[in-house]
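Just so you know, the working numbering puts 343 at position 343 of the sequence shown, and the rest follows in order with no gaps.
Rather than coming from a laboratory, the hints here were simulated on the basis of the structure. Incorrect hints may appear among the rest.
To be verified - Straight line, CA to CA, 27 Å or less: simulated DSS-like cross-link-like pairs of lysine-lysine: (1) K148 <-> K23; (2) K175 <-> K148; (3) K23 <-> K175; (4) K245 <-> K299; (5) K245 <-> K44; (6) K44 <-> K175; (7) K23 <-> K82; (8) K44 <-> K23.
To be verified - Pairwise CB distance ranges, derived in the manner of DEER restraints: (9) R96 <-> P354: 25 to 33 Å; (10) V329 <-> E251: 25 to 33 Å; (11) D126 <-> V317: 27 to 35 Å.
Treat the numbers as computed from the prediction; the structure is a model and nothing was measured. For every residue, glycine included, the Cβ atom is placed at its ideal position computed from N, Cα and C.
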Amino acid sequence: METQHYHAVALLSGGLDSILAVKLVEEQGLRVKCLHFVSPFFGKPSQVRRWRSIYALDITTVDVSDDFARMLAERPQHGFGKVMNPCVDCKILMLRRARELMTQYGATFIITGEVLGQRPMSQRRDTLNVIRRDAEVRDLLLRPLSAKLLDPTPFELSGMVDRERLLAISGRGRKEQMALAERFALEEIPTPAGGCKLAERENARRYWPVLVHAPTVTAAEFRLSNIGRQYWQGAHWLSIGRHQKDNEALERFAFPGDLRFKVVGYPGPLAVGRQFNGQPWSEEVVCDAASFVASFSPKAVRDGIAVAVRVTCGETVREVQVMPARATVLGWAEDEWPVVREAIRADARARALPVHATPDDGRDGEAE
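Taking the hints into account, I'd like the entire structure generated from these sequences.
Rendered as structure tokens:
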């Protein structure tokens, strides 16, 4: 356990706002431990060492994958955003974890880079208050970039933090942040947008079937769904590599009880069939999947003959003879975004959860 000598912990996404918020507090002579949260949907752990160097920040990576997967499985209480981004519940989850870590670091308060009115779902004044309340950080949370537009915090009132040196930024403009970045002489200016795969339609098409069909939703399912091409036939799930890097990743993230498909004697992708709860696929489904996988081998398709597909499950290895076919009897498919969008909204209505359709630029998923 680290020495307990920090004044604050901060949620650091690696975006400009979160960096500036930390710099404003550090400028007052206070020590800040930055927490970079990661999950299958957001986070850049490979960049942490570089950020430490170029921004001179003290950063630790915090994995919230399992907690996040559980929240999605149970559905976010405050609903999804325009796509499948649970921005309000995401910020609440991270703040709760930051609150738990405060004791470890000896911290008195928590910092975020939130800006009043910057994002339509998660940074309205009423929503900022909901986040502070539900995360149980009402008297612990400082938002330095918009502090002068918000109620004073106990550590401002006590003089630990000089409120006059904090800011009153609001809205979606970036002019003030860019000027502040220049004042702090940041070596690089990170881009403000993006960061969360759940805010992207293409990824929502991958993730939603997992929530619908997986008996137990864990981070492992979402890590698998991030790889290659994703196809479903009812509750049968097939992940197909696009290149060697995908094939290697599928090998790493496949479960021991999954099926592995590989065309014999032809170049082609590896495919993984997830057998939920160890329930084996029927022979019909295995052969149909093998035929579909073989269709991703151009040379096998050109030869126009039946090919062998090796099917491996644990220590069991066998081969099935199939004709390569993209349009199979069972019909493996990816849901189109309009279908997924309506399914998400129907699910929210059935659970009496908020349905958000507010246009945004996709930045709501960034953990600033």
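Practice task
Kindly indicate which numbered hints from before are broken by the structure, ordering the numbers from low to high.
Solution key: 7, 9 and 11
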